[in-house]
Each structure stands twice: as structure tokens, then as C-alpha cells.
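Q: Protein chains in written order, with my numbering: chain F, 1 to 525; chain S, 526 to 1005.
No lab work stands behind these hints: they were computed from the structure.
Misleading hints may appear alongside valid ones.
[Unchecked claim] Cross-link-like lysine to aspartate or glutamate pairs, in silico, EDC-like; alpha carbons within 20 Å at most: (1) LYS610(S) x ASP474(F); (2) LYS981(S) x ASP474(F); (3) LYS604(S) x GLU429(F); (4) LYS80(F) x ASP51(F).
[Claimed, not checked] Rough simulated footprint, nothing fancy, chain S against chain F, three-plus residues with beta-carbon under 8 Å: (5) 85 to 94; (6) 193 to 206; (7) 211 to 222; (8) 300 to 306; (9) 312 to 325; (10) 490 to 501.
Since the structure is predicted, the reported quantities are computational estimates derived from the model, not experimental observations.
Think of the CB as a built atom: it goes at the ideal place given N, C-alpha and C, for glycine as much as any other residue.
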Amino acid sequence: MAEDSETTKVFDAEAAASLMKDLRGSYASGKTRSYEWRVAQLKNMMKIVDDHEQDILDAIRADLCKPDQEAYIAEISIMKSSCMRALGELHRWMKPEKVKTSVTTFPSSAEIVSEPLGVILIIGAWNFPLLLSLDPAIGAIAAGNAVVLKPSELCPATSSLIAKLVGKYLDSSCVRVVEGAVAETSVLLEQKWDKIFFTGSGRVGRIVLAAAAKHLTPVTLELGGKCPVVVDSDINLPVAIKRIAGGKWTSNNGQACIAPDYVITTKDFAPKLIDALKHQLEAWYGKDPLESKDLAHIVNSHHFDRLLKLLDDDKVSGKIIHGGQRDKANLKFAPTILLDVPEDSMIMGEEIFGPLLPIFTNSSSDGPASNEPVKRFVPTVGTLFQTGSLFRRQRTTMVDKLEECFDMIISRGKPLAAYLFTNNKKLKEKFVKTVSAGGLVINDTVLHFAEKTLPFGGVGESGMGSYHGKFSYDNFSHRKSVLYKGFAGDSSARYPPYSDRKLKLLKALLSGSVIGVILALIGWS
Amino acid sequence: MRDLETDLEELRESYTSGKTKEASWRKSQLNGLLTLLKEKEKDIFNALEHDLGKHYAEAYRDEVGTLTKSVNLALSSLKDWMAVKKAKLPLPAFPSTAKVFPEPLGVVLIFSTWNFPFGLSLEPLIGAVAAGNAVVLKPSELAPASSSFLAASISTYLDKKAVKVIEGGQVVGEHLLGYKWDKIFFTGSTQVARAVLTAAVKHITPVTLELGGKSPAIFDSFSSSWDKEMVIKRVLGGKFGTCAGQACIGIDYILVQEGYAPTLVELLKNGTVKMFGENPRETKSMARIINKQHFSRLKNLLDDPSVKSCIVHGGGMDEHNLFIEPTILMNPPLEASIMTDEIFGPLLPIITLKKIEDSIGFINSRPKPLAIYAFTRNETLQKRIVSETSSGSVTFNDAVIQYAADTVPFGGVGESGFGSYHGKFSFDAFTHEKPVLSRAMISEFWFRFPPWNDNKLALTKKAYSFDYFGFVLVLLGLKK
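Can you build the whole structure from these sequences, using the hints too?
A: Encoded structure:
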């Protein structure tokens, strides 16, 4: 059977070329274009999730020790709603969009026709292993493309389940799964795809972009970043705490691209906030979180060690005010809160992607120890140096006014998401105006991921392109302009031999002058 | 390159100051462009005449006029384009609001090219400033008069601290690519496009590529002489009349049913003479070839004896004046360069097919072009062309005119590029649509959070499937 041979044989360059040839042939046959084919695939995608819910939850639990309810909310329910939306809206999405035409091209009519791009490569991530492979595939299939999925190898149970279920339920002449790691991904990337959709880290995202550049292949990158949470003091604390803590620790124990990465609050409010967080964590996970069954594990020892290293720094480990417990053998890591780590520490230099939550009220007074500007984010060192030093002078009073912390956020590049908790209208407005991120949420965290009417994607370092709902459909489509020109009189002003008089007429035409057009139609030249 | 560093710092500072985001700033830049186009019209005509031998009517039609139209559209639409859009949310999300805020990307880089040195520089620029970005424009060094004019006038008419023109060739281009940009907009060849994409990897910079390809014109038969005359003019205008064929959306070659071919050739020959005169070089109605390198390239296409023998009209070349007269060929070999490479010049091959419908398969066996043209009244054929081929755009019964349409996106697919612009699409090309979800802090669904149990799971399932009734039942303990 097709899927068996792909998992037992080595997937090398030859296999990749052969796969591409198959899919190109299937795509060229036109079968993926029909509404019926797309609907059939989407219905079967729905069946995968409906009929195998328990298998999916079991696989995700085996790979990540993710509690069932978390996996249900974050992966299964979103998959279902994606399928339902695509099925319900596909007819409308597939319709050509009629547009007005202007006097300049009179007489004419025009429309924009959405057509599939061709053969798509989707590379999934490990933290939401089902969702981040299959959800983009829903968009690609709805748009009429042939698809190759490469689920993350860090979740072997889910990866092989996806391979099995896709092989069983979807049309394997047009939708295929390739399992594997770096070697397999590399040979896939050598092929010429009509689009690549990648979810993962910036480091690998760059590898994908470089491979795509050779073939002029368009790419969507869903990356990450340090998603900040700014917390004002005038809020409904019990509700806010649930949303902040929930966004952080019930999202795969902080291993999520849109999970809150760090918190900024005022010096005065911090004690209240920290106290509330501690109580909430105990209510959810008990006195010993390592014993709780409701906390997802760290994906593997490599990432576990990475998180340990972030805490290793002397200047950082002393700032732990809650948690810190860990069990490497079982890859368990308790929710950990830190207070005012140095801004230039490693934990603040990269995306945490784990259960550590630094809180800033006042930056550490380490003086000019490391004025190393974050070079990645501006074209010249000079400019950043200027803002960097300005910023350091303000450090001790920085968060007395929350507005000033926006600079801190901006200096770290554009994250995938940024969050603000406040009832202050002016602060909200300033936040929205000043902070650029993939998406913003006021008074909640992560929820925008579930809203299908909002585009989900990054900007700057957090990625390019977006999806969800119709944005998924558009992501995998080419919007083709179709112009129908009538046969009524052309202005001869368009054509040589040219003259001053023609120039005058052209001016009238291009400025949309109706009289100019009438004269042209009469054939005055 | 010291000045470049200072320039870029200034741009970044201008952007960070927030001034380019203001509607007033954007309007002032657009008005500046409008004034430039009006006051400096003659200078623009002169520059184009110098660089390409373009007649001022052609220059107006293809560049100044369309640009004026585009700036006016941007000015009248700016408020709409900048407006925050509301997104619908489902009931369980109540009470929340969702809005999408268009925000500029930051500091953007526009690479222009030489065939429409004003149009291809300023059309993207219109979008970039309308969207509130700071801009660097690098015009093509192959059109030096246009490039230096742009450098001088942009700094006079626009905000020189936020919009800069940097002149130069490949070295300057490569140097610019070493910096971090929030977007790169590139018009040009596939070869250079690859270098641009590769450079963009380092900073994960989004790119729009406006490339080219071999844009075919499918030519069906017409019975009415009115129709014939009209479409022939449009074909000739879309080939020889548009920068002497040096246009990414110019007609590259024609596909025609073999029985109709002789008629077509006659029509084209006669039409060419009527439009461009017996001696086209004398009539100044056609642009010249940009430089010696491209002239030689085009000459080489015809040098191949198996191609030369196919010439049925024209073929005259004047190397000194870089002029090639309108040239028509009949069925050159498909493996010859003239049929494998984008021609980008006034050579028009006609390829005959057994049936006109075969043109679909012919086009599909080749890379996706920027434009497909079809001259036909046959609606069945039209429908088939739209649904069975893929290209940046399709235009029926005219050519090149889609460039002036601003309600449809202008861009390629596959080898002809990705991304699009013109009209609002220009604004969008330089914008990040930022969703903002705003929630009230009334209360929270307790079942969203741990510790988990079956009851919570049941509630979640009901809520997420919008099964409100079932939700209430579970809540009341009447259902599992």
C-alpha cells in the first residue's frame, strides 16, 4: 500500500521527485478543481476527527502528555470548526468576484477568479501536531490544490496516525503524507512547489525560505516571537488571572507560539498580580504541580535542557519567585514565575516556549554590563544604540507609566501576538496604535486563534502570510484578474501615429472624463 | 557607502517617529506626486525620449496618465483604505469586538526597472506612501535620464527624510539588499528575483515579485470587418506600440488556427504599415531598444537561420540607432530561443495549431505567464481559457489594457511572480492587516480551565459546536 512503502523505505531525493511527478499528474488531470472533490475531501477530513477522536487524543497524549481536554479544545474542536466553516462557505468562496470597471477601460467588465496554485507542501509543527498539519491542509484542499503534508517528527505517534488516517480517508492520488525528519524535509524542499506553508521556528523558517527562493516559490511562515502581556492595575483581577495563566500554562504548558512569553506591570500592582497567579496555579495544579495530570510535558530532553539553560544564569535563577520544580526523567516542568530578570539575559533574548514566566516591574540594576543592542531588529547599530541607551536611562521609572513599556516591546521585534489587560481607553488606543504584532488581544490571551473571521499570522520576525477561515482559502489560491473588453469604438488616440491632439484626448480619457470618452466613441480622432 | 547608512538611519527614524502613519502625511506625499506629474510633465517626456525614444503620447498613455489616475484614486480612497474594519464574531464570543487595523510595514525597498521607468517606480511608491511607510526607491540604471530625474524631483516634491531615491546598478542593489527591510517590492527578471529572494531570507522579509514570461495571444477568427480592424489594432498596439514590445505584459507570440493564419498575417502586415508607416523608424511612433546588449540579444534571436527564414514581415535592424522595425514570423521552431525565452522586443512569432482549442494545451505545457490574451467572441472558448489555464491575468479582446484597471489585482503566478498591486491592492501590498480582539472582563467560562473532568469536557464540546441547547442541558446536569 502506498503509505506503507513511504514509511518503510528511505524517502530520498528520488522518492521526492517521484512523489512530485505523481501529484503533478493528478493535479493536471483537473480532479482537485471540482467542487465535488473538495467537498468529499473536507467531509472525510471531518470524519477523521469525528470517528477517531480518541485515537487522536491518545496519540497526542503519548507524544506530549497533553491532557485530553486541552487537546480537545486546542486541536480537535478547532479542526472541526475549520471543516464546518469550509464546507459551509466553499460555494461562496469559489464564486468569481465581479468588480466594477472604470471609464479608463470602458467598455469592459471584469472579475477576479480564485484558482488553485497547484501542488502545496505543508510542514507542521510539534506543539499542536494534529492541528498545525491538518488545519492548513483544509485550506489548501478547499482551494483545490494537491497537498503533501510533513508532520513533525518530534511527535511520532501523531505523525504516524496522521499518515494512516490521511491515507485511509483522503484521496491519496492528490493528498499524501511524508513522515520524517531533517533528511526527508530537505529532499522535499529541493522540489519545486507552488506554495510552501511552514509552521515552526525562525531558524528553520529561514531554511525553508532559502530553498523556496531557488524556485521562486511563495511561502507562508507561521513563526513565533516573545508575546508580551501588559497588565494594568484597573482590571477585574480574578478574570484576568485565569486568562493570563490559562493562555500560558494550559497552552501546552507554555509551548505555544501565541502563549504569553513575559508580563509587564507596574511596581505597585506586581505583588497583587503575583499573589493571584500563585493562588490560581495552586488551584489548577495543586501544591505539587509535578504530580498534576493536567499539565502538559516538555516535548523532549533537548527542549528541557534548553529551558534549564535559561534558568542556569546566576542573575536569573535568583529571580525565581514561584515554581522551578522539574523532573527531567519524565520531562515535567512546573509553572515558574520570575521577577525582574535582567533584560539582556538569555531568557529575554529568545522565545521561551515553556512554562517560565518572567514578570517585569522594574529592570535589574546591572548598569552598562551588556549594552549589546539587539542587532537583528534595525538596519544600523547607530539607531538602536540611541534608543537602547535612552531606554536604559529610563529603566528605574520605566513601568511607572505603562505606556513607556511599549518601547520595550517594540525593541524586541514584532511578535506573533501581544496582549493588554486594562480598562483604560487611552492606554488601549495607544497600545493598538504603537504595538505592531501579528495580532492583538485586549483583556484576554490566545483567543484570537479561534476566531475564523480574523486573519492569523505574523509580521516581521513572527512570519509572513496568514490563514484561518477564508484567509486559508485565499492563502492557497491565485486571484486571477479576468477582463472582458467590448468591441465598441476605440479611441484612435491610443495608437500611433501620435500627435498633440491625440495627447489631449488621452488626457481626457485617462482622467475619466466622460466627455472625452463620448468623443472617443463617436470616433473623433 | 557612508551616505547610505546615514540615509537609512534617517528613514528608520522618520518611520519610528510615527509621522508617516498620519493621514495628513500620506496625503501630502500623494499630492506631491500629483504636482510632480503635472509640473514636470515635459521633463518626464524628455527623459523617456532620451532613454527609450518614447513618443510623448505613448509616455503619457502608459506612464504619466496612468500614474495620475492612480494618485487621484489613492487620494480619494485613502480614508476608506485606512479605515478600521469590523469582523463578525460568533455568539459564544460575546461580548467581544474584533477589528482589523491596517498598519504600515515600516521601511520598504522598491526595485524598479527600465522599460516603464516612471510607471514601475511610482505605482508601487503610491501604494507604499498611501499605506504609511518610509520608502527607498532604486530605479534602473539602464534608464539613466529617468533615474536621475526621479532622484532630483522626489526629494523636491516629497518628504526627503522619509522617501528616498538611491541610484545605481548591481553593486548598489546588492548593497541595499544587505540591510533589513520590512518589505521588498521587485519588478524585473527572474534571475535577479532569485537574488532578491535569497537576500530576503536573512531578515524574513516579505517580497512581491513582478516578473514576466511569454504572454501569448490566442487569435480566433472574426467574421465582421469591424471586429477584425479593432482587434488587429489592439494586437499591434499591445505588441509594437508598447515600448516596442519591451513590456512584461506585451504580447509575446500569437496562437492561431492554421487555416486562418494567412488572413491574420495579411491583416497584421497591413495594420502595421497603417499604424507605424512604411518606414517606422522615420515616423517616431515606436520606441527604440534600450541598449546595445538587448539589441544584440534580439538580433541573436533572429540570427538562427531556421528562425530567419520564418520572417514574413520586417526584420530590419539599425544598430546605430538601436531600432528594430516591427517584425512578424511564421512558425519559428518551438525549440529556438525566440520561442523558449521571453522576447521583450518587436518580434512577433505566429504559431499555428490544428484547432484553436489546442492553444490551451500549448499554453499549459509552458511556464505560467503574466498575462494571457484571447481575441475571440466564442464564449465557450472564453470559459475554457479562464478555467483551464493559469496566468497572472486573462484579458479578452484587448491587450495591456489591464494595466490601467485598478479594481483588479495586477501580478503574476508561478514563474511570473507572486503578490499583486494597483488600486487598493497597492495599499494592501505594503500593509499588515492587524486583527485586534477586544473582550469584556465580565466573567469567564470556568470550563475553559483545569482541573479537567468529564463534565467540563462535555460543556466545551457543546459550546464549541454552538449547541446552545445542549450546553444548557449539560449545565443543568440533565445531559452528559
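Q: May I ask which of the numbered hints given earlier this structure violates, with the numbers listed in increasing order?
A: Those not satisfied are hints 2, 5, 8 and 9.
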